[in-house]
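Construct the complete structure from the given sequences, taking the supplied hints into account.
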Amino acid sequence: MEPAGPCGFCPAGEVQPARYTCPRCNAPYCSLRCYRTHGTCAENFYRDQVLGELRGCSAPPSRLASALRRLRQQRETEDEPGEAGLSSGPAPGGLSGLWERLAPGEKAAFERLLSRGEAGRLLPPWRPWWWNRGAGPQLLEELDNAPGSDAAELELAPARTPPDSVKDASAAEPAAA
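Each residue of the sequence shown is one higher than the one before, counting from 1 in the UniProt record's numbering.
You may find that some hints are simply not true.
Unchecked claim - Pair by pair, the computed Cβ-Cβ distance ranges are: (1) 128 / 71: 39 to 45 Å; (2) 102 / 125: 25 to 31 Å; (3) 70 / 101: 33 to 39 Å.
Derived from the structure by calculation, the hints contain no laboratory data.
Just so it is clear, the structure is predicted and the values come from calculations on it, not from any experiment.
All C-beta atoms in this analysis are idealised placements derived from N, C-alpha and C, irrespective of residue type, glycine included.
Shown next, in the form of structure tokens:
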């Protein structure tokens, strides 16, 4: 930052170029010592700025109450059973009014089915997906069981030796360091 002129707070014999200015009155000063002599002006400026910001941040109670009301309504709509797939509205194929649409004989048959515990026979028994491992295609093939595999085929080839020029270069490097 370029100097703003001579410091206005230094003693007459020690005047230095000012590198800072007061944010309130734009008086130039050069050091912490000079800032402290003029510090009440800057401190009042910062205090006014903080208080003004705090006054501006407080929302009126009506805005806060309406924001809380909207948040409560949003939470209530999220908790409705419509999101779980059990909509209570008049959606076609939905569950609304299903019991009322049944004939009296169908209602009695359903209640008998539930009271005897026979409703479980209508659904297939649940089997976890990991129980059906052998049903799908085999993803891994073991080499020991593969036809025509011999242990001799699996032996590793001997390691190749580097050319002489590489050996000479690698031997020369540690000596140079």
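Status of the hints after comparison with the structure:
1. 128 / 71: 39 to 45 Å: At 40 Å between Cβs, range holds.
2. 102 / 125: 25 to 31 Å: 27 Å, holds
3. 70 / 101: 33 to 39 Å: With Cβ atoms ~38 Å apart, the hint holds.
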